Amino acid sequence: MEFTVKQIATLLGGEVAGNETLAIRKLAKIEEGRPGDISFLSNLKYEPHLYTTQATAVIVDRSFQPRKPVEAALIFVENSYTAFTRLLEEYHKLRSYARAGVEQPAFLGDGTQLGEQTYRGAFSYIGRNCRIGNNVKIYPHAYIGDNVRIGDNTIIHTGVRILDNCIVGQSCVIHPNAVIGSEGFGFAPQSDGTYKTIPQLGNVILEDFVNVGSNTTIDCATMGSTVIRQGAKLDNLIQIGHNVEIGKNTVIAAQTGISGSTKIGDNCTIAGQVGFAGHLNIANGTKVGAQSGVGKNVTEEGTAINSSPAFGLKESMRSLAVFRRLPDLDRRLNELEKKTEK
Amino acid sequence: MEFTVKQIATLLGGEVAGNETLAIRKLAKIEEGRPGDISFLSNLKYEPHLYTTQATAVIVDRSFQPRKPVEAALIFVENSYTAFTRLLEEYHKLRSYARAGVEQPAFLGDGTQLGEQTYRGAFSYIGRNCRIGNNVKIYPHAYIGDNVRIGDNTIIHTGVRILDNCIVGQSCVIHPNAVIGSEGFGFAPQSDGTYKTIPQLGNVILEDFVNVGSNTTIDCATMGSTVIRQGAKLDNLIQIGHNVEIGKNTVIAAQTGISGSTKIGDNCTIAGQVGFAGHLNIANGTKVGAQSGVGKNVTEEGTAINSSPAFGLKESMRSLAVFRRLPDLDRRLNELEKKTEK
Amino acid sequence: MEFTVKQIATLLGGEVAGNETLAIRKLAKIEEGRPGDISFLSNLKYEPHLYTTQATAVIVDRSFQPRKPVEAALIFVENSYTAFTRLLEEYHKLRSYARAGVEQPAFLGDGTQLGEQTYRGAFSYIGRNCRIGNNVKIYPHAYIGDNVRIGDNTIIHTGVRILDNCIVGQSCVIHPNAVIGSEGFGFAPQSDGTYKTIPQLGNVILEDFVNVGSNTTIDCATMGSTVIRQGAKLDNLIQIGHNVEIGKNTVIAAQTGISGSTKIGDNCTIAGQVGFAGHLNIANGTKVGAQSGVGKNVTEEGTAINSSPAFGLKESMRSLAVFRRLPDLDRRLNELEKKTEK
Numbered sequence: 001m002e003f004t005v006k007q008i009a010t011l012l013g014g015e016v017a018g019n020e021t022l023a024i025r026k027l028a029k030i031e032e033g034r035p036g037d038i039s040f041l042s043n044l045k046y047e048p049h050l051y052t053t054q055a056t057a058v059i060v061d062r063s064f065q066p067r068k069p070v071e072a073a074l075i076f077v078e079n080s081y082t083a084f085t086r087l088l089e090e091y092h093k094l095r096s097y098a099r100a101g102v103e104q105p106a107f108l109g110d111g112t113q114l115g116e117q118t119y120r121g122a123f124s125y126i127g128r129n130c131r132i133g134n135n136v137k138i139y140p141h142a143y144i145g146d147n148v149r150i151g152d153n154t155i156i157h158t159g160v161r162i163l164d165n166c167i168v169g170q171s172c173v174i175h176p177n178a179v180i181g182s183e184g185f186g187f188a189p190q191s192d193g194t195y196k197t198i199p200q201l202g203n204v205i206l207e208d209f210v211n212v213g214s215n216t217t218i219d220c221a222t223m224g225s226t227v228i229r230q231g232a233k234l235d236n237l238i239q240i241g242h243n244v245e246i247g248k249n250t251v252i253a254a255q256t257g258i259s260g261s262t263k264i265g266d267n268c269t270i271a272g273q274v275g276f277a278g279h280l281n282i283a284n285g286t287k288v289g290a291q292s293g294v295g296k297n298v299t300e301e302g303t304a305i306n307s308s309p310a311f312g313l314k315e316s317m318r319s320l321a322v323f324r325r326l327p328d329l330d331r332r333l334n335e336l337e338k339k340t341e342k
Numbered sequence: 001m002e003f004t005v006k007q008i009a010t011l012l013g014g015e016v017a018g019n020e021t022l023a024i025r026k027l028a029k030i031e032e033g034r035p036g037d038i039s040f041l042s043n044l045k046y047e048p049h050l051y052t053t054q055a056t057a058v059i060v061d062r063s064f065q066p067r068k069p070v071e072a073a074l075i076f077v078e079n080s081y082t083a084f085t086r087l088l089e090e091y092h093k094l095r096s097y098a099r100a101g102v103e104q105p106a107f108l109g110d111g112t113q114l115g116e117q118t119y120r121g122a123f124s125y126i127g128r129n130c131r132i133g134n135n136v137k138i139y140p141h142a143y144i145g146d147n148v149r150i151g152d153n154t155i156i157h158t159g160v161r162i163l164d165n166c167i168v169g170q171s172c173v174i175h176p177n178a179v180i181g182s183e184g185f186g187f188a189p190q191s192d193g194t195y196k197t198i199p200q201l202g203n204v205i206l207e208d209f210v211n212v213g214s215n216t217t218i219d220c221a222t223m224g225s226t227v228i229r230q231g232a233k234l235d236n237l238i239q240i241g242h243n244v245e246i247g248k249n250t251v252i253a254a255q256t257g258i259s260g261s262t263k264i265g266d267n268c269t270i271a272g273q274v275g276f277a278g279h280l281n282i283a284n285g286t287k288v289g290a291q292s293g294v295g296k297n298v299t300e301e302g303t304a305i306n307s308s309p310a311f312g313l314k315e316s317m318r319s320l321a322v323f324r325r326l327p328d329l330d331r332r333l334n335e336l337e338k339k340t341e342k
Numbered sequence: 001m002e003f004t005v006k007q008i009a010t011l012l013g014g015e016v017a018g019n020e021t022l023a024i025r026k027l028a029k030i031e032e033g034r035p036g037d038i039s040f041l042s043n044l045k046y047e048p049h050l051y052t053t054q055a056t057a058v059i060v061d062r063s064f065q066p067r068k069p070v071e072a073a074l075i076f077v078e079n080s081y082t083a084f085t086r087l088l089e090e091y092h093k094l095r096s097y098a099r100a101g102v103e104q105p106a107f108l109g110d111g112t113q114l115g116e117q118t119y120r121g122a123f124s125y126i127g128r129n130c131r132i133g134n135n136v137k138i139y140p141h142a143y144i145g146d147n148v149r150i151g152d153n154t155i156i157h158t159g160v161r162i163l164d165n166c167i168v169g170q171s172c173v174i175h176p177n178a179v180i181g182s183e184g185f186g187f188a189p190q191s192d193g194t195y196k197t198i199p200q201l202g203n204v205i206l207e208d209f210v211n212v213g214s215n216t217t218i219d220c221a222t223m224g225s226t227v228i229r230q231g232a233k234l235d236n237l238i239q240i241g242h243n244v245e246i247g248k249n250t251v252i253a254a255q256t257g258i259s260g261s262t263k264i265g266d267n268c269t270i271a272g273q274v275g276f277a278g279h280l281n282i283a284n285g286t287k288v289g290a291q292s293g294v295g296k297n298v299t300e301e302g303t304a305i306n307s308s309p310a311f312g313l314k315e316s317m318r319s320l321a322v323f324r325r326l327p328d329l330d331r332r333l334n335e336l337e338k339k340t341e342k
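From first to last, the protein sequence lines stand for chains X, E and V.
All letters in the first sequence, in the order written, are residues 1 to 342 by my numbering.
All letters in the second sequence, in the order written, are residues 1 to 342 by my numbering.
All letters in the third sequence, in the order written, are residues 1 to 342 by my numbering.
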């Protein structure tokens with residue numbers, strides 16, 4: 001993909017100072033700009049880079065006045081940061097939606113309906129009786145079982161596994177090697193010490209605008225559905241147990257694990273490597289610090305918790321501060337004991 | 001799959017009150033039952049749902065007497081919970097064993113022997129000189145290296161990787177994208193600060209009835225075997241280092257990691273996100289709390305440990321309780337010091 | 001692969017006592033040796049096994065004198081441990097480089113250049129405009145996107161995903177199901193509580209001699225590159241966020257997570273299940289204990305830290321020791337209070 005400085009200025013509604021005909025191929029930070037790149041200057045802390053950058057063009061605010069000569073072409077716009085973000089998005093869209101058609105060999109099961117403008121990569125597998133929406137992109141090596149439904153504009157990256165009967169909404173993105181709908185971890189202990197597998201017959205429902213990170217696993221429900229609500233964002237290597245429910249617009253960072261049947265509310269923010277016990281209810285807007293271990297319900301909305309086991313964030317920070325001084329506390333206690341013995 | 005209420009009652013040895021001819025297609029919880037579903041009532045806490053459920057049929061205990069009119073057909077059996085569990089299992093079996101034959105293209109290496117009634121999905125890969133037992137199901141995109149043996153009735157799900165020379169027992173289930181037998185993490189530091197790879201030439205042995213969760217990784221031994229003993233159950237995203245041994249019927253929850261050469265005994269219960277150092281011996285029946293960090297041997301059977309670093313469960317609970325009151329302890333110590341100074 | 005005892009002795013520059021014509025097929029520990037195996041005796045603690053082993057041959061030091069009759073053939077060399085390690089490496093090389101050519105079907109995009117002596121497994125996918133070096137091995141089901149460069153002698157195992165524009169150096173090993181270059185976790189909160197995806201347009205650069213473990217995920221940079229420097233070794237199930245930089249010869253154990261834009265120095269040693277916050281700078285030679293949570297910069301080279309949140313290793317060990325005695329401290333404080341009240 002290649003555009004001229006002028007084409008980009010037109011898209012952004014900006015004016016050019018410098019050579020409009022130069023070719024732009026890539027976006028870059030101003031301090032890393034190379035010939036063919038376009039960059040931006042918003043925070044004036046970075047202004048010195050403007051005079052040394054090798055980028056071909058730089059987007060700046062209309063209010064900005066250079067204090068030295070600039071090699072790069074300048075594109076003046078109302079808000080350079082917003083304009084650059086828009087470029088990023090346009091560029092991203094071009095890349096994401098570039099693929100279409102089917103690469104052979106690809107497997108398509110009987111009774112499956114495909115929408116319009118889908119992409120199916122080589123070695124992709126779609127089972128029987130699925131309904132795949134318009135503009136869905138299914139990358140190479142993706143596996144989709146039987147009776148799966150996928151909404152419009154969803155991207156299924158390479159190596160993703162979506163098992164039988166799962167439902168994926170519109171405009172979702174499932175990153176490479178994520179597993180959706182594998183059997184939950186349910187075993188009934190027997191009197192001889194062995195375990196009997198409890199069949200897991202439910203499915204997983206991802207509502208619209210859900211993101212699932214690479215190598216994340218979401219188990220199907222024993223019966224019914226494990227549900228990830230609209231707009232929730234899951235990072236990489238997360239474990240979601242059977243019958244869990246994640247609320248709308250809740251964001252979960254990498255390597256967090258949520259045990260079976262726990263319900264996380266809407267608009268929660270959960271940091272990395274957090275663990276949740278099973279069968280909990282976590283109120284809307286809960287914030288959980290990294291590496292916390294959550295073993296109890298959170299009933300009040302907007303609560304911030306931390307530590308393992310988790311309790312109030314402020315309280316935990318105070319306890320952790322004293323923790324570092326424990327050897328000192330111990331010593332002082334010893335001294336006091338000696339004193340009072342006398 | 002569709003059955004009549006009568007067919008199901010006959011299977012369960014029960015009697016029907018209501019319309020025997022209705023069609024059943026799915027199992028559901030009584031509070032989520034929809035037309036075409038069968039459900040059950042065991043715990044009388046859920047009795048109110050019996051009078052409102054849309055399920056087509058409900059299994060109840062022979063001793064149960066409805067207090068209001070019921071829309072659904074009732075199937076009376078000795079123990080409704082046991083009967084429903086049996087239905088679950090039958091349904092599960094029907095689903096699991098439905099697939100057979102081979103979907104093309106599939107890769108089969110020279111010298112490999114396949115048992116009877118195997119299933120090989122499209123894009124599955126089986127290397128050279130393997131022995132695959134009867135009724136083994138190898139799903140699409142599964143990879144099996146050279147010289148691998150797999151016992152009867154084992155299920156290898158989509159995207160599983162089983163590397164050269166590994167041995168998998170009978171009736172195992174390996175969930176999507178698990179990796180069995182990749183090279184362990186062994187590097188010898190050199191005098192110039194670089195590391196030299198220590199070749200990892202051993203394999204992994206899974207005995208019979210082992211379950212391995214999605215995206216779990218089990219490294220091969222440096223020499224000899226990493227061994228997962230009969231009936232052990234591993235959840236998702238677990239890391240098992242080289243030369244580890246996991247005992248019979250030991251259950252390990254998601255995201256736990258076990259470092260090289262550690263031996264875990266039989267019938268242990270290990271919660272999620274636990275870490276084990278290398279070269280440890282953990283006695284039979286040990287119970288480890290979530291997020292614990294185990295750095296020492298456990299020599300006494302049936303010990304419960306917790307915390308990071310881990311020590312006795314009870315002791316750790318007491319320490320954790322005082323931890324939350326540390327700012328208060330600190331304050332009291334300050335006061336005492338002031339008092340005794342006077 | 002089969003060699004005679006004599007062939008191996010010649011390779012190692014050793015002398016044989018016993019039958020030189022016996023066939024060797026495998027390497028084993030002396031206590032696990034079976035007919036056809038070769039083993040070694042270095043640490044004399046293991047000497048008793050020499051007199052009972054079933055191994056066909058054992059490598060021993062030239063200075064060693066058996067005190068009893070030995071069944072196995074003995075190969076005398078200067079240093080038995082070094083000699084055995086060399087055998088391990090030779091054996092490993094034979095196995096690793098055995099595969100060559102292409103198994104069909106395999107997908108090769110337009111404009112991609114392949115080096116000499118490459119291996120492409122069945123169902124491997126290489127996108128458009130890639131440059132693949134000499135002797136690169138790409139196993140079945142591996143996915144390589146568009147515009148990817150891979151240096152000579154690199155091994156890409158089964159199920160690995162390398163996304164568009166990534167650069168992999170020479171002599172790297174990427175283990176099964178690792179994901180390189182997937183989109184980072186970047187979302188801008190909107191006023192209505194939803195999140196907007198921040199496009200991630202950068203790539204990942206792995207320099208030479210880098211190892212990446214199974215199911216590890218390395219996100220691409222928002223712009224620019226996520227960089228893993230020469231000789232760094234990453235274990236399984238690790239998460240590397242966008243724009244992270246890992247220094248030369250740094251070793252990271254399994255299940256550790258590093259948040260976006262953090263820079264780890266050279267020659268660091270990071271244990272398992274560690275978490276790093278984002279935007280940190282970690283000095284060269286830092287050592288981090290297992291399950292630590294690193295929330296602050298480390299500015300001094302060679303620092304050892306531990307605990308969550310992490311602080312000095314020694315200090316943390318002292319605090320953790322007192323932590324276990326907290327109930328006792330509490331009790332003593334109570335007693336002192338009673339005493340001073342009187």
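Hints are not guaranteed to be accurate.
Same chains, same label: a pair holds when it works inside one copy or across any pair of copies.
[What the hints assert, rightly or not] Mimicking DSSO-like on lysine-lysine, the simulated pairs with C-alpha atoms at most 27 Å apart in a straight line are: (1) K287 to K263; (2) K339 to K26; (3) K248 to K287; (4) K196 to K338; (5) K26 to K45; (6) K248 to K296.
These aren't lab readings, by the way, just hints derived from the structure by calculation.
If you're wondering where the values come from, they're calculated on a predicted model, not measured in any experiment.
Now for the hints, and whether the structure bears them out:
1. K287 to K263: Classified as both: same-chain Cα gap 14 Å, cross-chain 26 Å, threshold 27 Å.
2. K339 to K26: For K339 and K26, the Cα distance exceeds 27 Å both inside one copy (73 Å) and across copies (70 Å).
3. K248 to K287: within (14 Å within a copy, 36 Å between copies)
4. K196 to K338: Answer is neither: 59 Å inside a copy and 56 Å across each miss the 27 Å cutoff.
5. K26 to K45: within (23 Å within a copy, 63 Å between copies)
6. K248 to K296: within (21 Å within a copy, 32 Å between copies)
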